[in-house]
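Colleague: Sequence:
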Amino acid sequence: GDGRVVGKHPGIQFFTVGQRKGLGLSLGKPMYVVRIDPDRNALIIGTREELMVKEFTVSGLNLISVARIEPPMRVSVKVRYKDPGRPGLVEQIGEDKAKVIYDQPHGAVTPGQAAVFYDGEVVVGGGWID
Numbered sequence: 004g005d006g007r008v009v010g011k012h013p014g015i016q017f018f019t020v021g022q023r024k025g026l027g028l029s030l031g032k033p034m035y036v037v038r039i040d041p042d043r044n045a046l047i048i049g050t051r052e053e054l055m056v057k058e059f060t061v062s063g064l065n066l067i068s069v070a071r072i073e074p075p076m077r078v079s080v081k082v083r084y085k086d087p088g089r090p091g092l093v094e095q096i097g098e099d100k101a102k103v104i105y106d107q108p109h110g111a112v113t114p115g116q117a118a119v120f121y122d123g124e125v126v127v128g129g130g131w132i133d
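Under my numbering, the first residue of the sequence shown is numbered 4, with each subsequent residue one higher.
The set of hints was computed from the structure by calculation and includes no laboratory data.
It is possible that some hints are incorrect.
Unchecked claim - Once the Cα atoms are required to be at most 20 Å apart in a straight line, the calculated PhoX-like pairs of lysine-lysine come out as:
#1 K24 / K11
#2 K57 / K81
#3 K100 / K81
#4 K57 / K102
#5 K85 / K24
#6 K81 / K102
#7 K32 / K11
#8 K57 / K100
Given the structure is predicted, the values throughout are model-derived calculations rather than measurements.
Hey, can you work out the whole structure from these sequences and the hints?
Modeller: In structure tokens:
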């Protein structure tokens with residue numbers, strides 16, 4: 004977004020990153036929640052392109068089928084219940100932290116929600132999106 008105030012909302016707790024419906028706005032093109040700023044009680048909205056991310060980090064890393072992700076590993080990453088999984092690379096960057104780099108940018112990567120890494124049908128591990 005460009006920083007302009009375009010409306011009011013009933014509370015950030017009623018919205019999620021990637022949400023398009025229920026914004027109560029008519030700006031001539033579809034707009035999405037691209038970020039939530041709890042310190043300012045603000046929803047940052049933007050276009051679908053602004054919603055897309057190529058990489059993100061997770062904390063609270065919980066590994067299931069490997070002891071450590073070293074070297075970086077090719078995985079399928081799921082960030083939503085019905086997400087079919089997107090190909091990418093996961094790299095462990097601390098005891099309980101990892102960086103995910105998608106092959107192609109993907110939307111709806113929501114801080115506070117889970118990301119799960121798969122090697123085929125096997126769960127490698129996961130964490131909470133930063």
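Colleague: Work down the list of hints and note, for each, if the structure agrees.
Modeller: Here is how each hint holds up against the structure:
For a cut-off of 20 Å, the pair hint linking K24 to K11 stands: about 15 Å separates their Cα positions. Only pairs whose Cα atoms come within 20 Å are accepted, and K57 paired with K81 is accepted, the gap being roughly 14 Å. With a C-alpha separation of about 17 Å, the suggested pair K100 and K81 falls inside the 20 Å cut-off, and the hint holds. Note on K57 and K102: the hinted pairing holds, with a Cα-Cα distance of about 11 Å set against a maximum of 20 Å.
At roughly 18 Å between alpha-carbon atoms, K85 and K24 fall within 20 Å of each other, so this suggested pair holds. For the proposed pair K81 and K102, the alpha carbon gap of about 14 Å is at most 20 Å, so the pair holds. Restraint check: the Cα-Cα separation between K32 and K11 comes to about 18 Å, which is no more than 20 Å; the hinted pair holds. Proximity of K57 to K100 is assessed by CA-CA distance (about 17 Å); at most 20 Å being required, the pair is judged to hold.
Hint compliance for this structure: every hint is met.
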